[in-house]
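2 protein chains.
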Amino acid sequence: MNRSEINVFCPATIANISCGFDVLGVALDSVGDGMVVRKRAEKGITIVKLEGQKLPMETALNVAGVAGLALLEKSDYEGGFDIEINKKIKAGSGIGSSAASASGAVWAMNELLERPFTKLELVEFAMEGERLASGVAHADNVAPAIFGSFTLVRSYAPLDIVPIPSPSELYATVIHPQIEVKTSDSRKILKTNITLKEGIKQWGNLGGLVAGLFTQDYALIGRSLEDHIVEPIRSILIPGFDQVKSGAMHAGALGCGISGSGPSIFAFSKGQDTANKVAASMKKVYRNIGIEYDVHVSKINSQGVREMRT
Amino acid sequence: MNRSEINVFCPATIANISCGFDVLGVALDSVGDGMVVRKRAEKGITIVKLEGQKLPMETALNVAGVAGLALLEKSDYEGGFDIEINKKIKAGSGIGSSAASASGAVWAMNELLERPFTKLELVEFAMEGERLASGVAHADNVAPAIFGSFTLVRSYAPLDIVPIPSPSELYATVIHPQIEVKTSDSRKILKTNITLKEGIKQWGNLGGLVAGLFTQDYALIGRSLEDHIVEPIRSILIPGFDQVKSGAMHAGALGCGISGSGPSIFAFSKGQDTANKVAASMKKVYRNIGIEYDVHVSKINSQGVREMRT
Numbered sequence: 001m002n003r004s005e006i007n008v009f010c011p012a013t014i015a016n017i018s019c020g021f022d023v024l025g026v027a028l029d030s031v032g033d034g035m036v037v038r039k040r041a042e043k044g045i046t047i048v049k050l051e052g053q054k055l056p057m058e059t060a061l062n063v064a065g066v067a068g069l070a071l072l073e074k075s076d077y078e079g080g081f082d083i084e085i086n087k088k089i090k091a092g093s094g095i096g097s098s099a100a101s102a103s104g105a106v107w108a109m110n111e112l113l114e115r116p117f118t119k120l121e122l123v124e125f126a127m128e129g130e131r132l133a134s135g136v137a138h139a140d141n142v143a144p145a146i147f148g149s150f151t152l153v154r155s156y157a158p159l160d161i162v163p164i165p166s167p168s169e170l171y172a173t174v175i176h177p178q179i180e181v182k183t184s185d186s187r188k189i190l191k192t193n194i195t196l197k198e199g200i201k202q203w204g205n206l207g208g209l210v211a212g213l214f215t216q217d218y219a220l221i222g223r224s225l226e227d228h229i230v231e232p233i234r235s236i237l238i239p240g241f242d243q244v245k246s247g248a249m250h251a252g253a254l255g256c257g258i259s260g261s262g263p264s265i266f267a268f269s270k271g272q273d274t275a276n277k278v279a280a281s282m283k284k285v286y287r288n289i290g291i292e293y294d295v296h297v298s299k300i301n302s303q304g305v306r307e308m309r310t
Numbered sequence: 001m002n003r004s005e006i007n008v009f010c011p012a013t014i015a016n017i018s019c020g021f022d023v024l025g026v027a028l029d030s031v032g033d034g035m036v037v038r039k040r041a042e043k044g045i046t047i048v049k050l051e052g053q054k055l056p057m058e059t060a061l062n063v064a065g066v067a068g069l070a071l072l073e074k075s076d077y078e079g080g081f082d083i084e085i086n087k088k089i090k091a092g093s094g095i096g097s098s099a100a101s102a103s104g105a106v107w108a109m110n111e112l113l114e115r116p117f118t119k120l121e122l123v124e125f126a127m128e129g130e131r132l133a134s135g136v137a138h139a140d141n142v143a144p145a146i147f148g149s150f151t152l153v154r155s156y157a158p159l160d161i162v163p164i165p166s167p168s169e170l171y172a173t174v175i176h177p178q179i180e181v182k183t184s185d186s187r188k189i190l191k192t193n194i195t196l197k198e199g200i201k202q203w204g205n206l207g208g209l210v211a212g213l214f215t216q217d218y219a220l221i222g223r224s225l226e227d228h229i230v231e232p233i234r235s236i237l238i239p240g241f242d243q244v245k246s247g248a249m250h251a252g253a254l255g256c257g258i259s260g261s262g263p264s265i266f267a268f269s270k271g272q273d274t275a276n277k278v279a280a281s282m283k284k285v286y287r288n289i290g291i292e293y294d295v296h297v298s299k300i301n302s303q304g305v306r307e308m309r310t
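Protein chains in written order, with the working numbering: chain A, 1 to 310; chain B, 1 to 310.
Any given hint could turn out to be false.
[To be verified] No more than 30 Å apart at the CA atoms, straight line, and that leaves these computed lysine-lysine pairs for DSSO-like:
1) 270/A / 119/B
2) 197/B / 197/A
3) 188/B / 197/A
4) 90/B / 49/B
5) 188/A / 191/B
6) 188/A / 197/B
7) 197/B / 191/A
8) 191/A / 188/B
9) 191/B / 191/A
10) 191/B / 197/A
11) 197/A / 119/B
12) 182/A / 197/B
13) 197/B / 119/A
14) 197/A / 182/B
Derived by calculation from the structure, the hints in this document are not laboratory data.
Quick caveat, the model's predicted, so the values are computed rather than measured.
Using the sequences plus the hints, can you model the full thing?
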């Protein structure tokens, strides 16, 4: 079945999941962009439509364009692609806006070309979009966007992505307070050194989290969602963080932390009801402080980017 | 069936498994001590026989005695126990000699009392034996000795032990070069601080290792068995370490590192044949250097301390 057009859902993702700083990410199921990718005879990639956000449409300045070009370079395909993007994830929100576009584009192209590339290769192409967006070709958002569920970036040289399953009743609540946290600031603020003791705690927790995800042990997942290294520092840049976190835990969340480098805050819960209660508690904090916000409640997305049948 | 005597196998254990420094341990199947525990009317614990090693027999100075007393203190049992120990694991070898005695004693007593205590409680009692042996009540050897297979010590306060399964064809090879490495030296030599970058690598690898153990992915286990933090420093105290490791890897091992705080060196392999080849390569190194050694090849022990039917 040789198709010339595909309509895909490009999921938002949470990276830097507490103890999984810089390695662990997860894909969301009901938060994401829409994208249509169309084959054409002429070589190259054109962003023919970009709705929802003000972002560059020039191919070399657009993350979907750059990721797509990385794929085309390794492909035998003689033609090119037109891309329409319906951007719903806000840039700079901390839930993988650029990763959604980069991953969606390369996944869609791979489908239209009848899957010449592995998922790992698609991640490598999508990382070029991340390089454009942030200066660093990181994989912790594009990997879950392409593989689905949770993923661990075990190593970059060589790139080693470990897919990790998600318990069936795991839900994420994400609140995006409409403040600007410059990525450069949230990087600068990090310490270069940590104590060995802090490190041991962190890898103990990460081991517990991975084991909890494999065994569907929600209590263990909750106990392991700790971060004594990055969260205490970065949370200073997010007004209301401590209240949001304590409110979420009080409402029954398993754990709560900073999504990506912020300012979005995520919480995981067992079941949609609890996730909704967590959302209500989070909203209340920013209503009281007087900061605008978006809130999302989503099941974990087990497949990543997917085709939307229209 | 109210028994008055039990004969148990007390397994050797490997702690500080590469990226799992201070949190990950594993139990061995064919390396360990023998122990007979017998109920008696009189309160207290007596080490009535101790063969194989020169170790204190006074209850308060013997790890099995001290661990047993910790159990008795929490028990309704009005009587006491006599213990016979056949010590085969050399003290100071780095494969959990004290942990084997402490774990075996409390496990055996719990059986004779018809299991009033959970495995987690048994670990807590056995940790008192470790406190006597090394000054620190660490759990990374006693936890796998009692739970079997791999265990992760996620946290000490409260104590949180996470059991992790072992792939069916995983074998360990351990070589014990007969040199003395003082635990105090191997502790002093550690750095107090590490870089955040090193930390990220380490928890990425630990996540990969735990995932590999759950999915029986031997290649992933192998790729994850890295330690850039402790091994480069502590290995300086073990003559021949680099040759042993490169020889083991050349012979087909999945990974190789320091067992506990040394001087024993462990390697994991898929299948017994490879584990035997690894053993041969390790022996060769110490034969050439002229250091006496013991070598063990063992399947991973999935149940921990167990009854030996005589």
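How the hints compare with the structure:
1. 270/A / 119/B: holds (27 Å)
2. 197/B / 197/A: Between residue 197/B and residue 197/A the Cα gap is close to 15 Å, so the pair holds against 30 Å.
3. 188/B / 197/A: Answer holds: residue 188/B to residue 197/A is near 14 Å, not above 30 Å.
4. 90/B / 49/B: holds (17 Å)
5. 188/A / 191/B: Roughly 24 Å separates the two Cα atoms, so the pair holds.
6. 188/A / 197/B: holds (14 Å)
7. 197/B / 191/A: holds (10 Å)
8. 191/A / 188/B: holds (24 Å)
9. 191/B / 191/A: Distance of about 17 Å is within 30 Å: holds.
10. 191/B / 197/A: Roughly 10 Å between the alpha carbons, so the hint for residue 191/B and residue 197/A holds.
11. 197/A / 119/B: holds (26 Å)
12. 182/A / 197/B: It holds: about 21 Å lies between the C-alpha atoms, which stays within 30 Å.
13. 197/B / 119/A: Holds - the C-alpha atoms of residue 119/A and residue 197/B are around 26 Å apart, at most 30 Å.
14. 197/A / 182/B: holds (21 Å)
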